[in-house]
Amino acid sequence: MALATTRRRLLTGGAALSWFLVNGSWLHISAAQARAAGFSPQKLTGEQCKTLEVLADELVPGARAAGIAPFIDSQLTAGDASLLIAKYLGVPPEQQLGFYQAALDSGTRLLATQDLSAAFAIELISKDEVLNWQGAPASFFSFVLRADALDVVYGTEHGFEQLGIPYRAHISPQEPW
Amino acid sequence: MKLDTERMHSLDTIIVGAGAAGLLLAARLAETGRHVTVLEAGPKRSTSDLISSQIWARRLKWSGPHVEELGDHKVGHAFNAGFGTGGSAVHHYGVWLRLHRGDFSVASDHGVGLDWPIDYDTLRAHYDSVQSEVGLSGDAEAEIWRPEGADYPMPPLPIFAQGRVLKKGFDKTGRRTAPLPLAINSQPYRGRAACQYDGWCDAGCPIGALANPLVTWLPRAQKAGVHIEHNAFVNRVLRDPNKTSRITGVEYFQAGERHTLHAQQVIIAAFTVQSARILLSSADSNRPAPGNQFDQLGRYLTSHPAGTVFGLFDEETYPHQGVSGGQLISHDDYDQKNQGAAFGSSQWLIAHAVKPHDLLGYGTGRPDISGEKLKPWLRDAAKHVGSMTLVAEDIAKPENRISLSEQRDVNGIALARTEHNLDARTAQLWEQRIAEGQDIMRAAGAREVWHGPRVAMHIMGGTVMGNDEKLSVTDSYGRVHDTENLYVSGPSLFPSSGAVNPTFTLSAIASRQAEHLTKQAD
Chain A
2 MALATTRRRL
12 LTGGAALSWF
22 LVNGSWLHIS
32 AAQARAAGFS
42 PQKLTGEQCK
52 TLEVLADELV
62 PGARAAGIAP
72 FIDSQLTAGD
82 ASLLIAKYLG
92 VPPEQQLGFY
102 QAALDSGTRL
112 LATQDLSAAF
122 AIELISKDEV
132 LNWQGAPASF
142 FSFVLRADAL
152 DVVYGTEHGF
162 EQLGIPYRAH
172 ISPQEPW
Chain B
2 MKLDTERMHS
12 LDTIIVGAGA
22 AGLLLAARLA
32 ETGRHVTVLE
42 AGPKRSTSDL
52 ISSQIWARRL
62 KWSGPHVEEL
72 GDHKVGHAFN
82 AGFGTGGSAV
92 HHYGVWLRLH
102 RGDFSVASDH
112 GVGLDWPIDY
122 DTLRAHYDSV
132 QSEVGLSGDA
142 EAEIWRPEGA
152 DYPMPPLPIF
162 AQGRVLKKGF
172 DKTGRRTAPL
182 PLAINSQPYR
192 GRAACQYDGW
202 CDAGCPIGAL
212 ANPLVTWLPR
222 AQKAGVHIEH
232 NAFVNRVLRD
242 PNKTSRITGV
252 EYFQAGERHT
262 LHAQQVIIAA
272 FTVQSARILL
282 SSADSNRPAP
292 GNQFDQLGRY
302 LTSHPAGTVF
312 GLFDEETYPH
322 QGVSGGQLIS
332 HDDYDQKNQG
342 AAFGSSQWLI
352 AHAVKPHDLL
362 GYGTGRPDIS
372 GEKLKPWLRD
382 AAKHVGSMTL
392 VAEDIAKPEN
402 RISLSEQRDV
412 NGIALARTEH
422 NLDARTAQLW
432 EQRIAEGQDI
442 MRAAGAREVW
452 HGPRVAMHIM
462 GGTVMGNDEK
472 LSVTDSYGRV
482 HDTENLYVSG
492 PSLFPSSGAV
502 NPTFTLSAIA
512 SRQAEHLTKQ
522 AD
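Residue numbers (our numbering), protein chains in the order written: chain A, 2 to 178; chain B, 2 to 523.
None of these hints come from the bench; they were simulated from the model.
Any given hint could be a false lead.
Pulled from the structure, derived: some chain A residues nowhere near chain B, Cβ distances all over 12 Å [to be verified]: (1) Val23; (2) Asn24; (3) Ser26; (4) Ser83; (5) Leu98; (6) Leu112; (7) Gln115; (8) Leu132; (9) Ala137; (10) Gln163; (11) Ser173.
Pairs of lysine-lysine, DSSO-like flavour, derived with a Cα cap of 27 Å [to be verified]: (12) A:Lys128 / B:Lys169; (13) A:Lys51 / B:Lys374; (14) B:Lys374 / A:Lys128.
Quick caveat, the model's predicted, so the values are computed rather than measured.
For glycine and all other residues, C-beta sits at the position ideal for the given N, C-alpha and C.
Modelling step: build the complete structure from the supplied sequences, incorporating the hints.
Structure representation (structure tokens):
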């Protein structure tokens, strides 16, 4: 059940995970619910979120609906507590916002200026064949984004169920993602 | 400050780091009547924090100040290190293997790296006593490569479908396997439950079947009165201004405030990179850092080059079943270190329980499969994938080192910086073995074979033990050479890496240290 709260309560509770701003209220909901409810991003722009969804959904179908944009945006507010896989790949939390912003701005330009299909854009990105790409190498960004998308689509009890894998948690995650 | 004045005045020992080494030492020393306080950089954790989710589990990894990493084989500190009670051993896989005899003398035998100041026989009794206390499952007789030692206290874990499938590849290529020895209960042991084989080891084991410090050393330490101060980030050790060999305590930061704590003895067990950082930060304008009189502090940083080989089979493997570390082991090539252009020992850890996502997941390792092809492929892999991991020896080199960065954290403490490059012979070893691993997968019947990238597994060295003060930082008991009462514990003491997972050996060393310190006090 969604729970409205104040920004102050959010911060003092230390629960940056799975709290999303929707229509002026902070809600404790899943990333998928946040996406469906029209969440307001805190770190990424609306344009960056849109590009994020297009690219991620091409890499891992279902990523958009599973809430890839609110998931990454919320983790970018978490500071040292960020759980993004980028942390293990040489992108520490303090650099993650710049990492995503630069790549997504490049992706936005790529999709807009050449009117490419998402599939072709991903092909160019994964082969480092995008002119004037900014930030970390495009192929590396593609790898990271694919891993993020796998997290939100298949890294959950629901995701395991889709693949026919028994989840068999010792302690079940409190959050549906 | 939460520590009371009386405790501060009566402290015998400060231990920095509540990981496998730190908590073993804390328990053993406190059980002899010592007053011990442990300072842990991360938060307090208990088994109820160990959520079965690869995403949630990332909070168990290092979340302290960033470590700058350079070189062609970066050590992967954020992945390998832990944060909070139990340290990295909370998310370790429980693969507990003894070093082989030849691992202790690579310089004498082969002219590479460093010799250890002790041999296998020096550690043998401690391997035996620790395995009895912690509980290991395995089949010592089947491990024909295993050095002499007591039998395992528990029988091996069962071999599931994936293990049986992959074993065929080893059999057909003339390689031998044995059940993987694990610090995981195959049956109830000393009040702890038996494993349920659900593959959540990487996320921590809340049922206590895997011997992480939260269920082994921590209860003993708490019962013996050890105090653990969490979120206490140690900057440096403090020296007696009138006697530089005497360490008087440590300086640490907690919630942005600077504190000092004093004791008769200080043990730094903060995992490899942070242990070296703390010592390096303890230099001042008049004196080099403790243990750095000959510029050895931070040197001989090592990390096992590892790689995972995957195969997709027609047979069902059910890769969700089992434990993260694997089901079988092969050490057939271990003792042939010198192979011309390639050098080093290596081992195969065979048949991991794996998930579809996360860094070690089978989905992450196939970036060539995406879009509409992905879900059917993942559904296939979820029942038919097999995997095994190569762990190779790293050559200890002085130029691979931990140093201090120009950058500082929010408290003004210099960040740690690592530089690690692989020797060409080590890189060659990795290439050869990964190629062989793919042949083994094909021999096992895989219809698709691929491998992941070369990754850094485990971090060792930097405060290496040795007999020669000009080539090491500590003596064989971990006492920093130019000090009376400052010790280091953990994998940073390893002069060379061998090719086995380090937790058993660092625990045996800590056991030997505890015995030494107890006798010293008597």
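Hint by hint, work out which the structure violates, then give me just those numbers in ascending order. Per hint list: 4, 10, 11 and 12 violated.
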